[in-house]
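Novice: Those protein sequence lines, which keep their order, are chains A and B.
With numbering that gives the first Met the number 0, letter number 305 in the first sequence gets 304, and the count goes up by one each step, no holes.
With numbering that gives the first Met the number 0, letter number 168 in the second sequence gets 167, and the count goes up by one each step, no holes.
Hint data in this document are derived by calculation from the structure and do not stem from the laboratory.
Quantities reported herein were computed from a predicted structural model and do not represent experimental measurements.
Any given hint could be a false lead.
Said to hold, decoys possible - Below, simulated EDC-like cross-link-like pairs (lysine to aspartate or glutamate); rule was C-alpha separation at most 16 Å, straight line: (1) A:242 x B:53; (2) A:244 x B:56; (3) A:242 x B:56; (4) B:129 x B:56.
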Amino acid sequence: MLKNIGKNMNSFKKNLLKKRYNAERRFQWYGKIAIGLALSFLAVFMFQIFSKGYSAFQKTWIVTEVHYDKELLLIDAESPSKDDLENADYYDVAYKAMTSLDTGLPEEEDRQLIQMVSYKYEAEVKDLLLKNPDFLGKIVPIKLTASDDVDQVHKGNYPRDIPEKNRRVNDYQLQIYDMLNERGDILSEFNISFFTSPDSREAELAGIASSFMGTVFSILVCLAFSFPVAVLAAIYLEEFAPKNKFTDFIEVNINNLAAVPSIVFGLLGLGVLLAVFNLPRSTPLVGGITLSLMTLPTIIIAARASLKAVPPSIREAALAMGASNMQTTMHHTVPLSMPGTLSGTIIGLAQALGETAPLILIGMVAFVNTIPGTPVDPAASLPVQIYIWSESAERGFVEKVSACIMVLLAFLILMNLAAQIVRHKFEKKWS
Amino acid sequence: MSKIKAENVNVYYGSKQALFDVSIDIAEKEVTALIGPSGCGKSTFLRCLNRMNDVIEICRVEGSIKMDNLELNSRKLDVVRLRENVGMVFQKPNPFPKTIYENVAYGPTIHGIAQSKEEMDQIVETSLKKAALWNEVKDRLDEIGTGLSGGQQQRLCIARAISVSPEVILMDEPCSALDPIATAQIEELIDDLKKEVTIVIVTHSMSQAARVSQKTGFFHLGKLIEFGPTDKIFKNPDNQQTQDYITGRFG
């Protein structure tokens, strides 16, 4: 039978068949090309960020020797206490540690050497002695944070062949750098301080600790405000509210709310939370509440959808057993809808995580060089940190921007993964 | 003795009338079968008996339905108390996606029937035994109820319904999603249960109605055409329409 299908076709039918096959093949190719394009955009984007950002996870150190000379430290006591060490004068010791790299340099040119390390080098010299009090009076090697210019030279991000007057690192400094590098006294290690330090005006010292904590606190505040309100609203609208024009109106407005540009919520936060309620500026508390206005409709919509997805037969079963509406909802419908609601919540929070505009309006764009310990301490947030750094002129911040984006993306991917896991692991199957 | 007495029941869905002046006497500790073609209103009538029509917003019930002289179709009636006394088994097995134990224990829990864990265990065991499911599930009471086979799920739903010792159990085509063996088990179960409870069953299977019921009502286009002893309805009906339906000439 089947063999005849091919034989009995006239040319018109054959043509039609061929056309049908071709059309399908073409369509599949369009799809493949579309996916290929999307993937290649993603690849370019990722390559850009990774190739620029990976070097930010490396920190450059300059190794030199420091002589903890009691006289220069102005320590008189025979066996000095912790306090004596704390109050000693490290200026000269630290200064000498750097200038000793080239003793032939005239004194008035010394600053060129000092500029090769971060301005905090004196504190680093002090910290080493405080940690090892027995170094007092000895000459010991010390690691000092290289300035961002030396750091960039070492990472190969800084062109050495442009004219000297256009360079931030002069020929003499390059010469010293090369000498140190040859001796193996330039170290490149994993940049822990990028994760543990707050923001700084100096690229070599700047870290994401403040903005990371700011983001974590904002998200927690956002969750605490939006989740209960949204879930209660969704349960009431879906399970208890009468279906009439008024509830239809509310539903339309919730959907509209989800489409409101985030900057509008920022203005609301500015005008209401800061101006009327006088909440502290630039804090994750205000940021979180503002973001929760944005997340609210997203969670309501997700929660309502997952409540709707609970089969009516479960409600009927509970009602027929004599459960009240409230019991039916709380014992059966809500627990069954929770996986969907939670994954919707996480997605909503992930959106809030990337928001910059409303946070800028409520002042979370301020330069914060402390790590916030509570939601009412001033803080930045990761996307705002990206914005702040991308405005900075120093070359050292270019890689920081990309590195910060990488951290933000990792955070987002983790949250989306969590949403997936919640959905698949806790979703109950019913027949 | 009459358990439920319905008089001139009219049901409307919005402007559409679904039941016309249905009057019926349902006897205690008997099985009453309601038969008729699809859309004839037999399920609608069944759902009046435990006020499940309340869930449908546009549904309006008129007339009088008395159970032991208590008016069911009254705003003052507490539907929670009513449904504690009138259980229901649905067309599609709908156990909760919880453990077998929790499924049966749910009713006694919300109605505060069991005072202790031992008492609850006892209720669960008795209910599952009455539903002829105990031997199959006694070793896996903590497994999810939805993991059972279709027939087992339906018996679990029956166990759930009888866990609160209702006086009446309503069954809405309880076997339509089951295979013949599971159907036979359920029918046997219905036969056992009628010693203690009044059962009203809606069914599409005429042979099932003939097998399990003592009284049969035939519905057509929202009207109760004929009601009487099952034997009479199947062997010698008064009404020509009933005769035609029973013999398969329409429906």
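Novice: The structure should be examined with respect to each hint, and the outcome stated for every one.
Specialist: Verification of the hints:
A distance of roughly 14 Å separates the Cα atoms of residue 242 of chain A and residue 53 of chain B; the hinted pair therefore holds under the 16 Å criterion. Using a Cα cut-off of 16 Å, the hinted pair residue 244 of chain A and residue 56 of chain B holds, with the two alpha carbons roughly 15 Å apart. Annotation: proposed proximity of residue 242 of chain A to residue 56 of chain B holds, straight-line Cα distance about 9 Å (limit 16 Å). Between residue 129 of chain B and residue 56 of chain B, the direct Cα distance comes to roughly 36 Å. Violation of the 16 Å bound is thereby established for this hinted pair.
Consistency with the previously given hints fails for number 4 only.
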